[in-house]
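Chains as they are written, first to last, in full-length UniProt numbering: chain A, 1 to 358; chain V, 1 to 358.
Mixed in with the good hints there might be a few duds.
Since the list gives no way to pick out one identical chain from another, each pair is judged satisfied if it fits inside one copy or across any two copies.
What the hints assert, rightly or not - Simulated crosslink set (SDA-like; lysine to any residue; CA at most 25 Å straight-line):
{"hint": "1", "residue 1": "Lys37", "residue 2": "Ala346"}
{"hint": "2", "residue 1": "Lys37", "residue 2": "Ala101"}
{"hint": "3", "residue 1": "Lys37", "residue 2": "Gly102"}
{"hint": "4", "residue 1": "Lys37", "residue 2": "Arg99"}
{"hint": "5", "residue 1": "Lys37", "residue 2": "Thr148"}
{"hint": "6", "residue 1": "Lys37", "residue 2": "Arg128"}
{"hint": "7", "residue 1": "Lys37", "residue 2": "His60"}
{"hint": "8", "residue 1": "Lys37", "residue 2": "Ser72"}
Note that these hints are calculated values from the structure, not bench results.
One-letter residues, chain by chain:
Protein chains: 2
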Amino acid sequence: MTSPQPAETRTQGRSTQSATLAEIARAAGVSAPTVSKVLNGRADVAPATRSRVEELLRAHGYRRRRAEATRSPLIDLVFHELESAWAMEVIRGVENVARDAGLSVVLSESAGRLTPGRSWADQVAARRPHGVVLVLSGLDESQRALLTSRSIPFVVMDPAGDPGADVPSIGATNWQGGLAATRHLIELGHRRIGAISGPSRMMCSRARVDGYRAALETAGLPVDPELITAGDFHHEAGYRQGLALLRRPDRPTAVFAGNDLQALGLYEAARELGLRIPEDLSVVGFDDLPVARWVGPPLTTVRQPLTEMAEAAARLVLDLGRADGSAAATRVELATSLVVRSSTAAPASARAETSGDG
Amino acid sequence: MTSPQPAETRTQGRSTQSATLAEIARAAGVSAPTVSKVLNGRADVAPATRSRVEELLRAHGYRRRRAEATRSPLIDLVFHELESAWAMEVIRGVENVARDAGLSVVLSESAGRLTPGRSWADQVAARRPHGVVLVLSGLDESQRALLTSRSIPFVVMDPAGDPGADVPSIGATNWQGGLAATRHLIELGHRRIGAISGPSRMMCSRARVDGYRAALETAGLPVDPELITAGDFHHEAGYRQGLALLRRPDRPTAVFAGNDLQALGLYEAARELGLRIPEDLSVVGFDDLPVARWVGPPLTTVRQPLTEMAEAAARLVLDLGRADGSAAATRVELATSLVVRSSTAAPASARAETSGDG
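Throw the hints in and build the complete structure from the sequences for me.
Here's what the structure looks like:
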């Protein structure tokens, strides 16, 4: 399946790469084949030798030339957690690009930790994929060094934190989406608008809430910190924070729910309190999962092109591999767009005024 | 990552395996290394040679001994299509077992065709996973022969068709689930109960509808073929077939929707026609996806333990690998269970009678 790699001349190497494999071996006091074994993630190397070699690879900024690296026809796709309902949209995007390129997708999960475990990096080094797409999941310094020394390119999709200026990443215009969602509610006549955020450590979550604030401020409306509650992007948080917001004596007439799952939790809270959507409460989500069209009433939401983002991330990582790591670092944000369905309407007060005027 | 394989003695081999690799090579008029290349899915073998060798491997029932096979720390997971919302539950189950075993999951899609393409089988042979889990996706004769000759075990989860008596498979008690769903509706007092099936080529779909029929018949109720409509397990089919059923002058008072996605489509059809759930229409789904709890009203459905089924399939395929293919063929069905929520109630006529009596 793998096409033969062209032999590359030394002059194409990065000027910073001074050490050869033989030099690393000499410095570590081991044979060149032992360094090769470490690079290939083989298990038959003593742990002490292994860490000495890794340390030297890193210190010398060693970078395997492509001619040395025989790649497997694989792309690695790593999720922060597979719980999220939108993981399916992302998998489909990476799968589309992989299939066209004759590659298969290896799926793993960093299981709630924001950086995948060390053994994961070793496994990746051993299987030598064409590249790694990380979803809402960062890499620590040593993991990055490990992938870089093996010339395995990586791209972060929708970074949870600041991925670093030199890490290629694909995101969406989250701030713009929060702005559009909230402006839509303001234009309908809402003045008390709540928000349920995602986890504050995720930049995408912060950006959405900042867009919400900007919409209120530019409309000359006060930002009430009590109406901004902290969720975690899951259904349950939408339900709990929704109950808290809707039980307030001065409850908001509209809520920007942070994402679609939280919006569905908010639906449940409203049902429990006997509030009708959109008559008594307007709701806007974020993501536009398939389910947003199917719930009753169909959910007004901010569409995030998840499948296209995943396709872009997979294509970028393959490009980086072909460009022998010399491609410029890239940060791409795909546009979000407001999709108006039936969960938003003018607030009761505005409707009463309108009918009073008419 | 792979632990060294014990060298096996000839006496452990299957009595049917007479041909060695050298004999296959002689019969094909090629060298033993060429046969090895074919077994390893290498691309550098002429197509004509390759098919001649494959033909001989198959004719001789050649089966690679495990000592010859160096496995990669991978499990292959193949979906019929990744569109289905329940794919996530299955991925999670296989991922759980793989992680515990120190393996990674390779995901692929047979893209709507019920048997994965030939090139997929070659890729699998080349990457030598510990095993293959196929979801709603069968293998044709030559693909089975290819995996068997490489000693790569496979298990079919929730088979779409008849997987063959000697193919290990994991399913759920679909018939029992259809029976329980329909009995629940009958016990509530419904007499005209519709059904929306999945694709008729899928055995799980047929079994559910047969369970529905059995419930009606054992309750002494007529089975009206006009109330059984053909869907495809997607939302859109639930909506269209739902509209057709609900627009009938003698519309059913309850519908067994075949799966959860079709139930959500049916919800939409009911909303469009101004019918309330459960006051005017009772609905039962199948699967118990997370969304079943979140829709309004929360959906009464038959729970299929998808994650547990996927875990069972992954464990079985690893067991088969350890047992050197000598394990008996297995068919396991995990139990389904009815989960009663708020989308089912007594029909209006029964409620009227009750209140008339009271």
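We went through each hint and held it up to the structure:
1. When the C-alpha separation of Lys37 and Ala346 is checked against a cutoff of 25 Å, the pair qualifies neither within a copy, at 66 Å, nor between copies, at 69 Å.
2. Taking the shortest alpha-carbon separations for Lys37 and Ala101, only the inter-copy value of 23 Å comes in at or below 25 Å, while the best intra-copy value is 28 Å.
3. When the C-alpha separation of Lys37 and Gly102 is checked against a cutoff of 25 Å, the pair qualifies only between copies, where the shortest distance is 19 Å, while the shortest distance within a copy is 27 Å.
4. For a Cα distance limit of 25 Å, the shortest separation of Lys37 from Arg99 across copies, 24 Å, qualifies, whereas the shortest one inside one copy, 30 Å, does not.
5. Taking the shortest Cα distances, Lys37 and Thr148 sit within 25 Å of each other inside one copy (16 Å), while across copies they are farther apart (31 Å).
6. Both within a single protomer and between protomers do Lys37 and Arg128 lie at most 25 Å apart by alpha-carbon distance, with minima of 13 Å and 20 Å respectively.
7. In this assembly of identical chains, Lys37 and His60 lie within 25 Å of each other by CA distance solely inside one copy; the values are 18 Å within and 38 Å between copies.
8. Proximity of Lys37 to Ser72 under the C-alpha cut-off of 25 Å is found in both arrangements, the shortest distances being 16 Å within a copy and 16 Å between copies.
The structure fails hint 1 only (numbered hints given earlier).
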